[in-house]
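**Student:** Sequence:
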Amino acid sequence: AARAIRKGDPVKLPAPAVAALKTPDTGALLTGPPLRAADRLAALLSDVIEAAEGDGTKEERAGAEEAADAIKESRLPAEHHPRPGLLRLAPVVIGAMRREAHHGSPILRHAVRLSAVAAVGYLLGRLLPLGHGYWAPLAAVMVMRPEFSQTYSRAVARFGGTLVGVFLASAIVETVHPGTGPLAALAVVCALLMYLLMRTGYAVAQACVGAYVVFLLGMAGDDLSQTVFERVLLTLGGGLLAMISYAVYPAWETPRLRTRLGDWLKADGRYAAAVVDQYADPAERGRGDVRHALLATREARVAWQEAVATARHEPVRHRGLSHAAADATQHSLAQLGRVAMLLEAHIPHGGATPVPGA
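To get the numbering used here, take the position in the sequence shown, counting from 1, and add 2.
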């Protein structure tokens with residue numbers, strides 16, 4: 003079937019496969035979980051055949067027909083939901099802000115650091131006897147991220163890229179002495195290279211930005227020696243401000259590893275309990291609570307994995323959990339989730355007999 007889908011050839015089943023799929027005329031029929039598993043497999047195979055034929059699944063054809071009828075009748079499909087406006091999104095934004103309004107929130111700490119660094123950088127830029135004092139707060143704000151490792155790597159990349167870009171551009175200007183037209187062309191080329199190489203790395207993009215600034219200032223007739231010195235010094239100062247802010251008001255993930263692990267454990271337990279409740283009382287409980295518990299488990303697992311990846315690069319002496327303990331615990335909780343998913347795949351239907359052990 004897979005080869006037929008890739009090549010577009012008719013499906014040719016070998017005789018042993020046909021014999022294995024052929025059911026005897028007599029014999030015991032499937033009941034219970036094996037019957038439900040067989041029904042699901044048959045439905046999936048039917049979808050595969052329909053997709054291979056190019057007509058899509060039954061649901062897709064029904065949706066396409068409904069959309070076509072809606073276009074003819076100038077009405078929206080039943081499942082269409084209009085995009086909410088700004089006023090309707092305001093409660094969602096306020097709720098998200100209230101959820102993060104606590105001392106342990108990394109987002110709140112990052113917002114406080116960002117505001118303080120922007121204000122301090124602006125004041126320093128005004129007090130220093132240098133032109134373009136806004137470069138310092140701009141560099142600090144651009145490199146700051148909620149995670150320490152990203153802030154550090156971006157600060158180093160911005161300083162290194164700026165250093166390379168301004169010195170290369172200054173060397174071109176001082177050696178060739180281009181006019182206003184060539185300088186404008188070089189500035190445009192640097193802007194194009196910045197957008198073209200943006201995905202390559204932050205240092206490469208900043209090298210292009212640094213050269214772009216030098217060419218623009220060269221068009222204005224500024225003293226390049228002073229401009230290069232100010233650009234490098236203020237970029238370095240902005241990076242140092244960003245690093246100092248993280249040292250003064252950090253948001254380490256390492257001390258919160260146990261909390262993240264506990265959240266994942268609770269989410270896994272609630273998911274398993276919701277699945278077992280389906281066995282205890284199939285007629286009374288719906289499948290919505292199982293779905294919500296599964297989504298909560300996935301969110302908790304992703305939060306744990308991101309916290310572990312962040313903590314590995316943090317300069318914190320107390321690791322909280324060793325690498326071996328974290329890996330072993332993650333494996334155990336993943337196994338618990340797989341068992342719960344296996345039980346969910348065989349949840350009895352509404353009219354089934356309750357399982358006493360559940």
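I should point out that these hints are in silico values taken from the structure, not numbers from a laboratory. Bear in mind the structure is a predicted one, so any value in this text is a computation, not a measurement. Hints should not be assumed to be uniformly reliable.
Simulated DEER-style distance windows between Cβ atoms [as the list claims (entries may be wrong)]:
1) Ala-311 with Leu-199: 51 to 57 Å
2) Ala-222 with Leu-88: 25 to 31 Å
3) Gly-162 with Asp-11: 33 to 39 Å
4) Ala-275 with Ala-330: 44 to 50 Å
5) Ala-327 with Leu-88: 28 to 34 Å
6) Arg-340 with Leu-47: 47 to 53 Å
7) Pro-36 with Lys-268: 32 to 38 Å
8) Ala-311 with Val-95: 27 to 33 Å
9) Arg-85 with Arg-42: 58 to 64 Å
10) Lys-268 with Ala-330: 26 to 32 Å
11) Gly-271 with Ala-113: 54 to 60 Å
12) Leu-110 with Ala-186: 40 to 46 Å
13) Ala-39 with Pro-86: 36 to 42 Å
Every residue gets a Cβ at the ideal spot worked out from N, C-alpha and C, and that includes glycine.
**Student:** Just to be sure I understand the hint, the distance between the Cβ atoms of Arg-85 and Arg-42 should be within 58 to 64 Å; is that true here?
**Tutor:** The hinted range 58 to 64 Å is violated for Arg-85 and Arg-42, with Cβ atoms some 35 Å apart.
**Student:** So does Lys-268 sit 26 to 32 Å from Ala-330, Cβ to Cβ?
**Tutor:** 19 Å Cβ-Cβ, so the 26 to 32 Å window is violated.
**Student:** Looking only at beta-carbon atoms, does the pair Gly-271, Ala-113 fall within the given range of 54 to 60 Å?
**Tutor:** violated (33 Å)
**Student:** Do the Cβ positions of Ala-39 and Pro-86 conform to the proposed distance bound of 36 to 42 Å?
**Tutor:** holds (41 Å)
**Student:** Could you see if the CB distance from Arg-340 to Leu-47 stays within 47 to 53 Å?
**Tutor:** violated (24 Å)
**Student:** Take a look at whether the Cβ-Cβ distance between Ala-311 and Val-95 falls inside 27 to 33 Å.
**Tutor:** Taking Cβ atoms as reference, Ala-311 and Val-95 lie about 28 Å apart, which means the hint holds.
**Student:** Given the hint of 40 to 46 Å, is the C-beta distance from Leu-110 to Ala-186 inside that range or not?
**Tutor:** holds (45 Å)
**Student:** Does 51 to 57 Å hold as the CB distance between Ala-311 and Leu-199, or does it fail?
**Tutor:** Violated - the Cβ-Cβ distance for Ala-311 and Leu-199, about 26 Å, lies outside 51 to 57 Å.
**Student:** Evaluate the given range 28 to 34 Å for the C-beta pair formed by Ala-327 and Leu-88.
**Tutor:** violated (47 Å)
**Student:** Honestly, do Gly-162 and Asp-11 meet the 33 to 39 Å range at C-beta?
**Tutor:** 55 Å Cβ-Cβ, so the 33 to 39 Å window is violated.
**Student:** Taking 32 to 38 Å as the stated bounds, is the beta-carbon spacing between Pro-36 and Lys-268 within them?
**Tutor:** About 33 Å separates the Cβ atoms of Pro-36 and Lys-268, which means 32 to 38 Å holds.
**Student:** Confirm or reject the claim that Ala-275 and Ala-330 have a C-beta distance inside 44 to 50 Å.
**Tutor:** With Cβ atoms ~24 Å apart, the hint is violated.
Of the numbered hints listed earlier, those contradicted by the structure are 1, 2, 3, 4, 5, 6, 9, 10, 11.
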